[in-house]
Structures are given as C-alpha cells and as structure tokens.
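> As a plain string of letters, each chain reads:
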Amino acid sequence: MVTGIAGMGFAAVTTLAEASGPDIPSIDDFLPEPALFAGTPFAINRIILVRIIATVLLIAILGVSAHRAKLIPSRWQGAVEWLIEFVQNSIVYEVMGELRGKRYVPMITTIFLSILVFNLCGIIPGFNIAATATITMPLAFALWCFVQYWIAGIREKGLGRFLKDELFPKGIPWPIYILLSPIQLIELLLIRPFSLTIRLFANMISGHLLVALCFAATQWFFIETTTKAQFPLGILTFAGGAFMTVFEMAVAGLQAFIFAILTTAYINMSLPETE
Amino acid sequence: METLAASGTDLFLPKSYDIVWSLVILVILALFFYKYFLPKFQHIFDERAEKIQGGIDKADQAQKEALEAKKKYEDKLGNARVEASKIRDDARAEASHIVADARSKAETEAAQVTANAQKSIESQQQQALVSLKGEVGVLATALAGKILGSKLDDGAVQSDMIDSMISDIDSDTSAK
Numbered sequence: 006m007v008t009g010i011a012g013m014g015f016a017a018v019t020t021l022a023e024a025s026g027p028d029i030p031s032i033d034d035f036l037p038e039p040a041l042f043a044g045t046p047f048a049i050n051r052i053i054l055v056r057i058i059a060t061v062l063l064i065a066i067l068g069v070s071a072h073r074a075k076l077i078p079s080r081w082q083g084a085v086e087w088l089i090e091f092v093q094n095s096i097v098y099e100v101m102g103e104l105r106g107k108r109y110v111p112m113i114t115t116i117f118l119s120i121l122v123f124n125l126c127g128i129i130p131g132f133n134i135a136a137t138a139t140i141t142m143p144l145a146f147a148l149w150c151f152v153q154y155w156i157a158g159i160r161e162k163g164l165g166r167f168l169k170d171e172l173f174p175k176g177i178p179w180p181i182y183i184l185l186s187p188i189q190l191i192e193l194l195l196i197r198p199f200s201l202t203i204r205l206f207a208n209m210i211s212g213h214l215l216v217a218l219c220f221a222a223t224q225w226f227f228i229e230t231t232t233k234a235q236f237p238l239g240i241l242t243f244a245g246g247a248f249m250t251v252f253e254m255a256v257a258g259l260q261a262f263i264f265a266i267l268t269t270a271y272i273n274m275s276l277p278e279t280e
Numbered sequence: 009m010e011t012l013a014a015s016g017t018d019l020f021l022p023k024s025y026d027i028v029w030s031l032v033i034l035v036i037l038a039l040f041f042y043k044y045f046l047p048k049f050q051h052i053f054d055e056r057a058e059k060i061q062g063g064i065d066k067a068d069q070a071q072k073e074a075l076e077a078k079k080k081y082e083d084k085l086g087n088a089r090v091e092a093s094k095i096r097d098d099a100r101a102e103a104s105h106i107v108a109d110a111r112s113k114a115e116t117e118a119a120q121v122t123a124n125a126q127k128s129i130e131s132q133q134q135q136a137l138v139s140l141k142g143e144v145g146v147l148a149t150a151l152a153g154k155i156l157g158s159k160l161d162d163g164a165v166q167s168d169m170i171d172s173m174i175s176d177i178d179s180d181t182s183a184k
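The listed protein sequences correspond, in order, to chains A and B.
Sequential numbering from 6 applies to the first sequence in our numbering.
Sequential numbering from 9 applies to the second sequence in our numbering.
Because the hints were derived from the structure by calculation, they are not lab data.
From the three backbone atoms N, C-alpha and C, an ideal C-beta is built for every residue, glycine too.
Accuracy of the hints is not assured; some may be wrong.
Claimed, not checked - Have a look at the derived ranges for each label pair, beta carbon to beta carbon:
hint: 1; chain 1: B; residue 1: Arg-56; chain 2: A; residue 2: Ala-65; range: 21 to 29 angstroms
hint: 2; chain 1: A; residue 1: Phe-42; chain 2: B; residue 2: Leu-39; range: 21 to 29 angstroms
hint: 3; chain 1: A; residue 1: Tyr-182; chain 2: B; residue 2: Pro-22; range: 50 to 58 angstroms
hint: 4; chain 1: A; residue 1: Arg-108; chain 2: B; residue 2: Ile-64; range: 54 to 62 angstroms
hint: 5; chain 1: B; residue 1: Leu-39; chain 2: A; residue 2: Phe-173; range: 46 to 54 angstroms
hint: 6; chain 1: B; residue 1: Gln-61; chain 2: A; residue 2: Val-61; range: 49 to 57 angstroms
hint: 7; chain 1: A; residue 1: Pro-78; chain 2: B; residue 2: Ile-64; range: 16 to 24 angstroms
hint: 8; chain 1: B; residue 1: Pro-47; chain 2: A; residue 2: Val-251; range: 47 to 55 angstroms
To be verified - Here are a few chain B residues that sit away from chain A, every Cβ distance over 10 angstroms (derived from the structure):
hint: 9; residue: Ser-15
hint: 10; residue: Gln-71
hint: 11; residue: Glu-73
hint: 12; residue: Ala-92
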C-alpha cells in the first residue's frame, strides 16, 4: 500500500519535472487510479487508502481511549469526553432536547467525529487529501441521515401523516400547495441528502485545490524556476498556503459541525411538533 | 493517461469500489461508535454521576447526623442545666430546713436546760428550806431550853411548845 502512495508520488514528481509551469492541482487529484485490487469492487486508490488509514487510526486512538477510560479522567480522556459531550449537548440535545435526542447521540457522534477526522486528512502531511473528498463518502453519510429522518417520521407519525405534515404544511392557503407541495417533496427526497453531500464534498475539493495551488506555486517560485526575482512571490504564496491550511482546519471542523447539526435538524423535523 | 481526460462531472459519478469502501468504512465506524465507544463512555459517565451523587448523599447524611447529635447534645445540656438548678434549689431549701431544724432543736434544748436548771434550783431551795427548818427547830429548841431551864423538863410541855412553834413557822411560811 505504501509503495502505492510512493509510486503515485513519483509519478507526480515526473510530471512536475516535465511541466513548464507550477504543478497546478486539478480534479484529477480526486480521481486517482486504483493502486490495489484494480478492476474489482474492492479496488483501493489513494483517497480510499487515506480513508482506511484514517478509520484505523480513529478507531485505534478512540478505542484505546475508551479501553483505558477511568472514573477520574486524565487530560486526554478529558478532551475525548469534551468532544462526546460537545456532540451530545451542543448538537443533539440543543436541537432535539434530551428525551428525543438520546436515541440519536451515537449516530450524530459517529457522523461528527468521522467527518471531522476525514476532513482533517486534507491537511495532514502525507495524506494531503480529505477522506471525504470523493462523492460517495459524503453521500453515504447523507443517505444515512435520509434513511433516519424517514424512519423517524414514519415511526412517530405514520407514513400518511408524515407526508401530509411535510408536503402540506399548516397555515397556508390551499392554492399555494400546488407550488409548494412538489418543492417540499423534492426537498424531502433529493435536496436534503444532496445538499448535505455537495456542501461537504465541494468544501473539501475547493480546500484541497486552494492549499495545493498555494504550495505548488511556492515550490515553483522557490525551487523550480531559475529567476530569483520571483522569490518574494514564493514567500507570498507560502504565507497563503499556511493561511489556507489553518483555514482548512477551521473548515474541517465547521463542515463536520454543519453536517451533524443539519442531520439532527432534519431528523427533528420529522418528529411531531409536541412531545 | 485516462485521467487527463477527466471532466468535472466525473467527480459526481461514484465508482463501484468507492461505494463499497464508503459503506464498509461507514458500517465499521458506526459499529465501533454504537457498540463500543459510546457505551463505554456512557458507562463511565453514569458511574461518575452515581459516585458524585453518592458523595453528595453521604455528605447530606453526615450533616444530618451532625445536626442530630448537636440537637441531642444541646437537649442534654439544657436538661443538665435544669437539673443543676433544681439540685441547687433543693440544696438551698434543705440547708434552710437544716438551719431551721437546728435552731428549733437548739431552742428546745435551751428551754430544757433552762427548765432543768429551774427545777434543780427549786429542789435545792426546797432542800435548803427543809434542812433550815430542821436546824431552826433544833436551834430554837436548844435556845428555848437554855432560856427555860429546868422549868421545861416535863416532856409534855416540851412537845407542846415545839408543836406550837412549828405551826407558827408553818403559818408564817404559808402566809408569805
């Protein structure tokens, strides 16, 4: 697997050497060729490898933390507990209340922590690409959310009442329904899951492109071009890259938070108005 | 390379192996969080809350017990105070009683002593009177004998005279 990454790295270097300008990142970065098991349903490309490693690391670190968890927390355990309580209190209970939220805490915790770690892979040296940077990973999370808010609506209200509440909201004159109901249906079936997916996916793509562009330009100005006059531009692009890296950290957290809180909100919308 | 021909829409067309790996990863992560990570921490949270609650309860219990003990102590102190003052009052009463008793006893004894003295004086006086009477009789007889001499040798006259004399003295004494 490691040789796979290294091989791809060498390929990048060779293309760099041949290029006459900076190695401008492109959408090809998000469509890497499979390096292992190519041609099978279990083919692994660079992004999937990052995803697998990130998953293994996440499970290993949190698993060990959970295994060693004590009544009196260490600093690290305190930090992990803070994360759990943040998801539980600031996301789930804040939107749903404790009574309804309890059931969804594991789901939202899974979504938030996984997306957070996957997003952060985009700025971890060696990974350099978010594990959520293919359409299917955000889509998988979004479809989970989709299934959950349909189940919640059908379980709590029954399919008929759930659809009636969603498609024909109360307090609106009936002619409006001609316009509103199809929109509501499209929202329920398509817009919600795809907006979740595309918001996250596009953020990861643009983040990677910006960071990679800044550092590719820095590499060009510092090393590959022979004109020393362009050196100050390199400092500028390096500063830009550093800034974008920090910015991506914030985006990683923010997108994970948005995904989690919207999932919670969508599920909450399916539940009856009153307890 | 094929990827050189990639267009933007390719980004949104999921590859079959990407779907497989996304779902596998998602299921693994969900299982990990649902079955191990969160229950473990929930257990820790519950246990901690229980322990804290237990500690608070224990502290409450201790405080309650302390208050009870204090109340008991104060009650006892109050009782002791009341008892002490009662004992003091009793003692004071007894003391005054004893003093009164002693006084009355002393008075009685004094009266007794006085009465005895009176009696003894009276009896001594009586004795003195009796012995004086005898001696006066003898003396008077002797004196009268010397005065009368032989004229009064006759026993009958003698006794008559003595009797009249004694009765005189008696009447004198009783007249007094």
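> Between Tyr-182 (chain A) and Pro-22 (chain B), is the Cβ distance one that fits in 50 to 58 angstroms?
For Pro-22 (chain B) against Tyr-182 (chain A), whose Cβ atoms are near 35 angstroms apart, the range 50 to 58 angstroms is violated.
> Has the hinted range 16 to 24 angstroms been met by the Cβ atoms of Pro-78 (chain A) and Ile-64 (chain B)?
holds, 19 angstroms
> State, for the Cβ atoms of Arg-56 (chain B) and Ala-65 (chain A), whether the hinted interval 21 to 29 angstroms holds or is violated.
25 angstroms Cβ-Cβ, so the 21 to 29 angstroms window holds.
> Does the no-contact call for Gln-71 (chain B) survive, Cβ to all of chain A over 10 angstroms?
holds, 24 angstroms
> Report holds if the minimum CB distance from Ala-92 (chain B) to chain A is greater than 10 angstroms, and violated otherwise.
Nearest chain A Cβ is 53 angstroms from Ala-92 (chain B), so the label holds.
> Could you see if the CB distance from Arg-108 (chain A) to Ile-64 (chain B) stays within 54 to 62 angstroms?
Check failed, 29 angstroms falls outside 54 to 62 angstroms.
> With respect to the beta-carbon atoms only, verify the hint that Leu-39 (chain B) and Phe-173 (chain A) lie 46 to 54 angstroms apart.
violated, 39 angstroms
> Evaluate the condition: distance from the CB of Glu-73 (chain B) to the nearest CB of chain A exceeds 10 angstroms.
holds, 27 angstroms
> Starting from the hint 21 to 29 angstroms, judge whether the C-beta atoms of Phe-42 (chain A) and Leu-39 (chain B) obey it.
holds, 23 angstroms
> That 47 to 55 angstroms hint for Pro-47 (chain B) and Val-251 (chain A) (C-beta), does it hold up?
violated, 36 angstroms
> Checking a non-interface call: every C-beta of chain A should be farther than 10 angstroms from the C-beta of Ser-15 (chain B). Is that right?
The claim is violated: Ser-15 (chain B) sits with its nearest Cβ about 8 angstroms from chain A, within 10 angstroms.
> Should the hint that Gln-61 (chain B) and Val-61 (chain A) are 49 to 57 angstroms apart at their CB atoms be regarded as holding?
violated, 38 angstroms
Violated hints for the displayed structure, listed by number in ascending order: 3, 4, 5, 6, 8 and 9.
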